[in-house]
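These protein sequences, in sequence, are chains H and V. So in the working numbering, spot 78 of the first sequence is number 78, and the numbers just go up one at a time. So in the working numbering, spot 112 of the second sequence is number 112, and the numbers just go up one at a time.
None of these hints come from the bench; they were simulated from the model. Any given hint might turn out to be false.
Said to hold, decoys possible - In silico lysine-lysine, DSS-like type, Cα no more than 30 Å apart, as pairs:
id: 1; chain 1: H; residue 1: Lys59; chain 2: V; residue 2: Lys61
id: 2; chain 1: V; residue 1: Lys43; chain 2: V; residue 2: Lys61
id: 3; chain 1: V; residue 1: Lys50; chain 2: V; residue 2: Lys61
id: 4; chain 1: H; residue 1: Lys59; chain 2: H; residue 2: Lys112
id: 5; chain 1: V; residue 1: Lys61; chain 2: H; residue 2: Lys58
id: 6; chain 1: H; residue 1: Lys58; chain 2: H; residue 2: Lys112
As the list claims (entries may be wrong) - Okay, the calculated beta carbon distance ranges per label pair:
id: 7; chain 1: H; residue 1: Gln105; chain 2: V; residue 2: Glu105; range: 28 to 38 Å
id: 8; chain 1: V; residue 1: Val78; chain 2: H; residue 2: Pro136; range: 29 to 39 Å
id: 9; chain 1: H; residue 1: His68; chain 2: V; residue 2: Glu7; range: 22 to 32 Å
id: 10; chain 1: V; residue 1: Gly81; chain 2: H; residue 2: Leu142; range: 48 to 58 Å
As the list claims (entries may be wrong) - Reference excerpt, derived from the structure (chain V facing chain H, CB under 7 Å, subset only):
id: 11; residue: Ile9
id: 12; residue: Glu18
id: 13; residue: Glu21
id: 14; residue: Asp94
id: 15; residue: Ala102
id: 16; residue: Glu117
id: 17; residue: Pro118
Quick caveat, the model's predicted, so the values are computed rather than measured. The beta-carbon is built from N, C-alpha and C at its ideal position, and this holds for glycine as well.
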Amino acid sequence: MDTWKQFEANELTHSAAHHLLAIHEVGLQYGGWARVSDIARELQITRGSVSINLRALKKRGLVETDAHRLVKLTPEGLQAAKAVMATRAVLKTFFADVLGVPDIQADIDSCKIEHLISHATAERLALFQRFLTSDPDALQQLLARFQRFHAECPQERSCDVCKGHCPLDGLPHAI
Amino acid sequence: MGASEAELIDDLNRLMAEEAEASMRYFQMRFRLRGRGRETAEKFFAEAIKETLEHAELIAKQIHALGHVPSLQINLSVEGGPMPPEDALGEALDVEQAALEAYQEFLPRVAGHPTLEPFIRQQIAIETEHVQDLQEVLRSFGLKLVAKPVV
Numbered sequence: 001m002d003t004w005k006q007f008e009a010n011e012l013t014h015s016a017a018h019h020l021l022a023i024h025e026v027g028l029q030y031g032g033w034a035r036v037s038d039i040a041r042e043l044q045i046t047r048g049s050v051s052i053n054l055r056a057l058k059k060r061g062l063v064e065t066d067a068h069r070l071v072k073l074t075p076e077g078l079q080a081a082k083a084v085m086a087t088r089a090v091l092k093t094f095f096a097d098v099l100g101v102p103d104i105q106a107d108i109d110s111c112k113i114e115h116l117i118s119h120a121t122a123e124r125l126a127l128f129q130r131f132l133t134s135d136p137d138a139l140q141q142l143l144a145r146f147q148r149f150h151a152e153c154p155q156e157r158s159c160d161v162c163k164g165h166c167p168l169d170g171l172p173h174a175i
Numbered sequence: 001m002g003a004s005e006a007e008l009i010d011d012l013n014r015l016m017a018e019e020a021e022a023s024m025r026y027f028q029m030r031f032r033l034r035g036r037g038r039e040t041a042e043k044f045f046a047e048a049i050k051e052t053l054e055h056a057e058l059i060a061k062q063i064h065a066l067g068h069v070p071s072l073q074i075n076l077s078v079e080g081g082p083m084p085p086e087d088a089l090g091e092a093l094d095v096e097q098a099a100l101e102a103y104q105e106f107l108p109r110v111a112g113h114p115t116l117e118p119f120i121r122q123q124i125a126i127e128t129e130h131v132q133d134l135q136e137v138l139r140s141f142g143l144k145l146v147a148k149p150v151v
């Protein structure tokens, strides 16, 4: 399996995704236009780095600049930024509302994972959450059962999830 | 002069990071140059590595003179294969323009300061010259540059 090599070959790198989101965020107050200095401040990197990274985004048609070096997302760039935000929201909702992961951790993990999963998987996850929320009473019962199951789980140590290797034994040693 | 000393130090640290990071970026870029005009570009980058580091040091001295220890925060990983000299110089122009803008935006915050205002004015003059020189070099490669007023 060479899947791990594909992490670097995504259409939109993690860095590019963050640049698009920063331009979108900063530009909200100024009709979509953002200054390099504000993008740099938002991402906490130097203006030089932002400028270099913008070149690549510009080449791909995701951003445009004007004569004063102000930056704006193109329609394609805006679409890409919205896709990133949507995937991130789906993941965060799943981690926080379904799995019960604390909000801050859910935010961090959804950011890390967002650019690694395919759109198809994100869509399935969104569909699954819509399915869960389609019956609020059933959802409450399911989550309550999950909470209880989670509390009882450490005593069991064998199930069909990892085919005889309990993930709860290994995860504390993850680096 | 509206900024507090702590804010000025933060801004100076950021300016220093711009210069130091540019130096590291140029250091790596120098070894990526391939194709026509490589010697010209190599000469530019060799000079630029030294100058940007000197600028970082000058800013560090200003911070030190104000009674603080410089704090350098750089998050940089540069890689990539061979690169045509005109592309490398184009990236350098973006970096130099970013540095110039950083100095220009900082100037109003040090207006009236006995040492920082003359220092920043001097840096703006130097960076302006760098940008103009670099634009000239790029023109010699036959590139048409988008008009960008140098203030």
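Checklist line | glutamate 21/V as chain H interface residue, shortest Cβ-Cβ below 7 Å | finding: Since the shortest Cβ distance to chain H is 5 Å, the answer is holds.
Next item on the list: With a cut-off of 7 Å on the beta carbons, see whether glutamate 117/V makes it to chain H.
Entry: violated (20 Å)
Margin query: Tell me if the interface restraint on proline 118/V is satisfied: Cβ within less than 7 Å of some Cβ in chain H.
Written below: violated (23 Å)
Checklist line | Restraint status (C-alpha distance of lysine 50/V to lysine 61/V at most 30 Å) | finding: The given pair, whose Cα atoms are some 16 Å apart, holds under the 30 Å limit.
Checklist line | Outcome of range test on Cβ distance (valine 78/V, proline 136/H; 29 to 39 Å) | finding: About 51 Å separates the Cβ atoms of valine 78/V and proline 136/H, which means 29 to 39 Å is violated.
Item checked: Pairwise beta carbon distance, glycine 81/V to leucine 142/H, judged against the given window 48 to 58 Å -> holds (51 Å)
Notebook entry, point to check: If you draw a straight line from the CA of lysine 43/V to the CA of lysine 61/V, is it 30 Å or shorter?
Noted result: holds (27 Å)
Next item on the list: Sort out whether lysine 112/H lies within 30 Å of lysine 58/H, counting only the CA atoms.
Entry: holds (24 Å)
Note to self: Can you verify the interface hint for aspartate 94/V: is its Cβ closer than 7 Å to any Cβ in chain H?
What the structure shows: This hint holds: aspartate 94/V lies near chain H, its Cβ roughly 4 Å from the closest one there, short of 7 Å.
Note to self: Restraint: isoleucine 9/V near chain H, CB-CB cut 7 Å. Satisfied or not?
What the structure shows: violated (16 Å)
Check: Within a Cα-Cα threshold of 30 Å, do lysine 59/H and lysine 61/V meet the stated pairing?
Finding: Answer violated: lysine 59/H to lysine 61/V is near 39 Å, above 30 Å.
Next item on the list: Return holds or violated for the Cβ distance of glutamine 105/H and glutamate 105/V against the range 28 to 38 Å.
Entry: Check passed, 36 Å falls within 28 to 38 Å.
Violation of the numbered hints given earlier is confined to hints 1, 5, 8, 11, 16 and 17; the remaining hints are satisfied by the structure.
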